[in-house]
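Student: Residue numbers (the working numbering), protein chains in the order written: chain A, 93 to 386; chain B, 1284 to 1583; chain C, 172 to 608.
What the hints contain is simulated information worked out from the structure, not anything from laboratory work.
With a cut-off of at most 25 Å between alpha-carbon atoms, the simulated BS3-like pairs for lysine-lysine come out as follows:
1) C/K259 to B/K1331
2) C/K369 to C/K448
3) C/K336 to C/K448
4) B/K1542 to C/K259
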Amino acid sequence: MSEIQTIELAARAAEEPTGQPTTGRFLFSSWHLVLIPIAVVMVIPLVWMLVTSLQTLDETRHYPPTIVPTSLEFRNYTDVLQQAPFARWFVNTLLVTIACVVGNLLFCSLAGYAFARIRFFGREVVFVLILATLMVPFQVIIIPTFLIVRTFHLIDTLGALILPNLAGAFGIFMLRQFFRTLPVELEEAARIDGASRLGVLFKIVLPLSGPALATLAVITFMWTWNDFLWPLITIYSPNNMTIQLGLATFQGAHQTNTNLLMAANVMSMIPVLLLFFFAQRYFIRGIATTGLKG
Amino acid sequence: MAIGGANVRRVMTSDHVVGWAFASPAVLLIIVFGLIPIVWSALLSFQKTNLLSPPQWVGLANYRALPKDPYFSQSMVHSAIYTVLFVPLSVAGGLLTAIALNRPIRGIRVYRTAVFVPVVVSTIATVIIFLWVFDPNFGLANWLLGKVGLGPFAFFTSSNGALYSIVAMTVWGWIGFNVIVYLAALQGIPRELVEAAEIDGAGNWGIFRNVTVPLLGPVTLFLVVWSSINALQLFDEVYLATNGGPGTATYVPVFYLYKLAFQQGIAGYAAAIAYVLFAVILVLTVAQLLVGKRMVHYAP
Amino acid sequence: MKRLWLVVPLALVVIASACSSSSSTATASGSVTGDVTLTMWMGYTPPPPVDQSQEYLSIQDMVTRFQAAHPNIHINFQYVNSDNALQKATVALQGGKQPDISYQYGTNMPQLATAPKIVDLTQRVQDPSFDWNDFFEGERAVATVDGRVLGIPALVDNLAIVYNKDLFAKAGVATPTPDWTWDDVRAAAKATTDPANKVFGLVFPADASETMVWQFEAMLWEAGGDILNADNTQAAFNSPAGVRAATMLQQMQQDGSLYLDFHPDSGQYTNLFNSGKIGMLITGPWDLSAFPNVNYGVQQMPSFDPGGSHITIAGPDNWVIFDNGPDRVEASWEFLQFMASPENVLKDSLATSHLPTRASVEQMPGFSALDTKYPGVGAFALNLANVTKARPQITHYPEVSSFLGLALVSILQGQASPQDALNQAADQANGALAIPT
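Chain A with its partners taken away, still in its complex shape (with noise of 0.2 Å):
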């Protein structure tokens, strides 16, 4: 089996039960008795703040703390979006996100095809340095890429968060090795056929390619959804504010309004949560084949 396969077939298991019937199978398991409390305690913080979003401030001054809501007070979420520019915030992360996304999927598509199947002088050498950077922790360059941002005139602008982030190593990495194991021969008919690369890699290679390239958007968009140092050295305007920088510059301003703290926060992770759950399979497999391969 092609290592591709093993783990789409593993990556895809981890998202099903083990192979046998679950209906009826087991009323009730010992399991249940290590699964619940451990459920709960992932589960207990997310769902204590959803509670506390919808309280007075007084109820969230209560003690002992209550995990059953009390009141309902929606206008919390109305009070917090008059108090900071939340949708402006959504805005920027989803437009900046979607260019990294964008950018990440069409650069490091025809980097990791290049890299993958044309032979073109250099490429080796090239790719072993684009690997090096991967081993080198962000810490070591953001003050020069700061610089470099600088130097373009780009701070506090959402320009600074994307330019950097349009193509990156990983991203052509993971392509490149997803790229090999496909059967060359489709693409050497092609080409006989008179295609150009372009049009191979566009007709027949990248349609092939669905769950690699799923799995680098989601990857890519849950990085740059949650990025957090980066937005914090290269934007100050509140009006430039990705939704993490946003939701720390209100915390910083609301460290007692706790319930319009969690409110915000509730609408903060809204997206991600979302997105999450509709492509729940995308995230399991990026981050399994990240593990299986590493």
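Fit chains B and C to the supplied structure of chain A, relying on the hints for placement.
Tutor: Coordinates of chains B and C only, in the frame set by chain A:
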């Protein structure tokens, strides 16, 4: 044959051009935002600059000042403590949780989702949640701990406890990642091996010790290396939850260098710290891989 | 068709950059006719109806009068909390959107000194009509970094001892005279301490913060010591003078006369003093309005030896100018000269209870009204003559301060001897000072 030779040459030339055409956008971006900064950062570490005025060369002065800098040594100590706690807890915890989640029982999907969700929550969201959960006066944690006779604890506001609170918070946030990887790996264990062990009379514990753990060796090694690298680069949670405090109780290297470069204008020294941290990460990774190679058996 | 794909991400980058809003506030630059608009950041208080906005109103009055006299100069002044002024200025400088005039803590000067856009005022202040030497020596030292004058004094204070006259009388302690010594203070503290009624002779911060350290530094100077050596490369506070000052604190602690305040920023100590629970307090003029219930007196810091120095410490803040073009720099300097003129300094002091930043103001006829309006402030104003030294204006000062603070706490808690604790702090400080900046 002349014509064939020319055709071949034409194809080969065009391959070089096409190859570079395809690769150049990404390669250019990585050169500008990856390779150049790597080299520039190394140069910066031999300079002093506040990022506003032209830098000046100071030779090895930054590196010589490092061992005597009390904040740097504190940061490294805190980082070591954090890593030594975070890695085993999240990796071993991940394995045990994955085993529990690898059961064909009803509702397993719900349990799995519950374990995975914290991974997608951003660090600021996690910190906001935990600042509230760990609130010394109104938080859920002290209330629950009080019910079993423990606490109350000061969590993030305690000089002794802040670092451990960060450990707890980040284990919660990241254990799901390890669970996912382990789950995938567990699925990859051939049933024949498990059945063979059962036939030999091994109980669950025996199977775990003699079949599962060794076969998960490569994955465990990867997760240990990956978690260690991430642990040593801790920043977001420190900046957002404690801002390095109380006092300097949660100073870690990346946080310290961020403050130096972007708040105090001591960027050359910060670059030196970044490189020293990089060296530590490299050495640790290599050591882990070497030890791992001895201990890990790869599946046939 | 294929090209379009490449255009999309680039277009997004361009759109995104264009979408980002600009946060510049200054409008037109100097035109031929010299019409100039300046942006000024001041951080006293937000505008009314906030409580205690006298400073805001005082500045507003100065701006109005200045604009009337200079119709071509318009000043936008904004409230920027002084605690954040350095961070905001640094960030603004990165993006080229700095204001023209900014209020900055004196402790921010070393960092601002490295900004290319900060205007060097050394030549300008030498103008005889400006009378630079009229400002107190400690102020001038704080405004100067590496020999460059980078700001003019906006606010000055100093430390003196505020004492409860009634508690002193009750304990039979003589009224403090200007030539009193630390031995006198120690005796007074001991005499006024009444454990049964939870009354303490002297309150001292014990949280290792700069609030604690700068009080110690005044004592260090009074003992003849220094914080750092002449070129700011080594700690000097572990000298015999430093040990002498720390030992005095240790002894008062052992006498039982010290109330150790672990939360000086909470203002709890003002409540205690106001309730008659504290005999003496080392503080500045800003606290006087918090003592309506106390019959208080103010006396300059004691010396260690009879006839010795009564030097005190001050925390002056500055107005700085950032370079946004020659027209705006000239206009900014015009305005700062206006604000710093003796008449306007006196006017501001009377409106806000601030100490006058100029020595000559004390000779002006209206000056006596200051003490009438704000009892005790006059003594602080006269104490400005003792402001002859400043803390080292270097980037690493905060680290030095924190190591010194931790050492002082360990001394007060009896965990280390003064010499040992100060030596350890000196080692740590030297480590920080070795970092090139």
